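K.L.:
Letter by letter, the chains look like this.
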Amino acid sequence: LQLQESGPGLVKPSETMSLTCTVSGGSISSSSKYWGWVRQPPGKGLEWIGSVSYSGSAYLSPSLKSRVTMSVDTSKNQFSLKVSSATAADTAVYYCARAGKEELRSEFDYWGQGTLVTVSS
Amino acid sequence: QSALIQPPSASGTPGQRVTISCSGSSSNIGSNFVYWYQQLPGMAPKLLIHTNTLRPSGVPDRFSASKSATSASLAISGLRSEDEADYYCATWDDSLSKVFGGGTKLTVL
Chain A
273 LQLQESGPGL
283 VKPSETMSLT
293 CTVSGGSISS
303 SSKYWGWVRQ
313 PPGKGLEWIG
323 SVSYSGSAYL
333 SPSLKSRVTM
343 SVDTSKNQFS
353 LKVSSATAAD
363 TAVYYCARAG
373 KEELRSEFDY
383 WGQGTLVTVS
393 S
Chain B
7 QSALIQPPSA
17 SGTPGQRVTI
27 SCSGSSSNIG
37 SNFVYWYQQL
47 PGMAPKLLIH
57 TNTLRPSGVP
67 DRFSASKSAT
77 SASLAISGLR
87 SEDEADYYCA
97 TWDDSLSKVF
107 GGGTKLTVL
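Sequence lines, in order, name chains A and B. At the far end of the first sequence sits residue 393, using our numbering, and the numbering has no gaps. At the far end of the second sequence sits residue 115, using our numbering, and the numbering has no gaps.
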């Protein structure tokens, strides 16, 4: 299984950041596992953004849920992240990942390589 | 401030055994499984331990973990230079959120 993030590397402040994770080597809808996003600001630790099921049910970090949207496109074997009203604090490497078990609390066992998104004018 | 507290740094010499602690609360570690990730420089995190103590296929048995009440720890025995990385503990918090520790930078002297 492989995951690959894609999207603009530069976003202007107040705009919406959009990222897509393309899954290969397996189908998003082949099981009830969750698909998630984790970010890491430069030089800092990991932060969970949220997770989405293959059916599109999203569970979001309480600290970000007012600005975050997640969705799934099973026809393209992709899932997506949108973060609105971006600020410099959203500058980070964004990782997509797959849960290892069919439950929201599960660990992430497969990760994408990550993509750096910089919020700057 | 992370929900899970880890020491910012740890170190050891080759062959030594080192441990990294992770302290939480009853709403996270106390009632959920703990996971550990290894992040080599410039790389994505890699799952090291799941379900408190279990190693995924391919992870050397030099890596072990334990959990007690609201704390957990990762042990690395027979330390090797390639173990130099950042290590993160993680779990689920009953406030409906995945939480990570702040990370521990392991230096092999």
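Quick caveat, the hints were computed from the structure, so don't treat them as lab data. Quantities reported herein were computed from a predicted structural model and do not represent experimental measurements. One thing to keep in mind: the hints can contain errors.
Taking lysine-lysine pairs in the DSS-like style, the calculated list, with each CA pair at most 27 Å apart, reads [claimed, not checked]:
{"id": "1", "chain 1": "A", "residue 1": "K373", "chain 2": "A", "residue 2": "K348"}
{"id": "2", "chain 1": "A", "residue 1": "K316", "chain 2": "B", "residue 2": "K111"}
{"id": "3", "chain 1": "A", "residue 1": "K354", "chain 2": "A", "residue 2": "K373"}
{"id": "4", "chain 1": "A", "residue 1": "K337", "chain 2": "A", "residue 2": "K373"}
{"id": "5", "chain 1": "B", "residue 1": "K52", "chain 2": "A", "residue 2": "K348"}
{"id": "6", "chain 1": "A", "residue 1": "K348", "chain 2": "A", "residue 2": "K337"}
{"id": "7", "chain 1": "A", "residue 1": "K316", "chain 2": "A", "residue 2": "K354"}
{"id": "8", "chain 1": "B", "residue 1": "K111", "chain 2": "A", "residue 2": "K348"}
{"id": "9", "chain 1": "A", "residue 1": "K348", "chain 2": "A", "residue 2": "K316"}
{"id": "10", "chain 1": "A", "residue 1": "K337", "chain 2": "A", "residue 2": "K284"}
{"id": "11", "chain 1": "A", "residue 1": "K316", "chain 2": "A", "residue 2": "K337"}
{"id": "12", "chain 1": "A", "residue 1": "K354", "chain 2": "B", "residue 2": "K111"}
{"id": "13", "chain 1": "A", "residue 1": "K373", "chain 2": "A", "residue 2": "K284"}
{"id": "14", "chain 1": "A", "residue 1": "K284", "chain 2": "B", "residue 2": "K111"}
{"id": "15", "chain 1": "B", "residue 1": "K52", "chain 2": "A", "residue 2": "K284"}
{"id": "16", "chain 1": "A", "residue 1": "K337", "chain 2": "A", "residue 2": "K354"}
{"id": "17", "chain 1": "B", "residue 1": "K111", "chain 2": "B", "residue 2": "K52"}
K.L.:
None of the hints should be skipped; say for each whether it holds.
P.N.:
Evaluated hints:
A C-alpha spacing of about 22 Å is found between K373/A and K348/A, which places the hinted pair at or below 27 Å, so the restraint holds. Under the criterion of a C-alpha separation no larger than 27 Å, the hint pairing K316/A with K111/B is consistent with the structure, at around 11 Å. For the hint pairing K354/A with K373/A, the CA-to-CA distance comes to about 25 Å; that is within 27 Å, so the pair holds. Under the criterion of a C-alpha separation no larger than 27 Å, the hint pairing K337/A with K373/A is consistent with the structure, at around 23 Å.
Only pairs whose Cα atoms come within 27 Å are accepted, and K52/B paired with K348/A is accepted, the gap being roughly 26 Å. Note on K348/A and K337/A: the hinted pairing holds, with a Cα-Cα distance of about 25 Å set against a maximum of 27 Å. Restraint check: the Cα-Cα separation between K316/A and K354/A comes to about 21 Å, which is no more than 27 Å; the hinted pair holds. With a CA separation close to 38 Å, the supplied pair K111/B and K348/A exceeds the 27 Å bound.
Distance restraint check for K348/A and K316/A: the Cα-Cα separation of roughly 33 Å exceeds the 27 Å cut-off, and the hinted pair is therefore not satisfied. For the proposed pair K337/A and K284/A, the alpha carbon gap of about 20 Å is at most 27 Å, so the pair holds. Distance hint between K316/A and K337/A is fulfilled; the C-alpha atoms sit about 21 Å from each other, no more than 27 Å. Proximity of K354/A to K111/B is assessed by CA-CA distance (about 31 Å); at most 27 Å being required, the pair is judged violated.
Note on K373/A and K284/A: the hinted pairing is violated, with a Cα-Cα distance of about 37 Å set against a maximum of 27 Å. Our distance criterion of 27 Å between C-alpha atoms is broken by K284/A and K111/B, whose separation comes to about 32 Å. Only pairs whose Cα atoms come within 27 Å are accepted, and K52/B paired with K284/A is rejected, the gap being roughly 31 Å. A threshold of 27 Å between alpha carbons decides the hint, and for K337/A with K354/A the separation of about 11 Å falls inside it, so the pair holds.
Taking the CA atoms of K111/B and K52/B, the gap is near 15 Å; set against the 27 Å cutoff, the hint holds.
The structure does not agree with the numbered hints 8, 9, 12, 13, 14, 15 stated previously, though it agrees with the rest.
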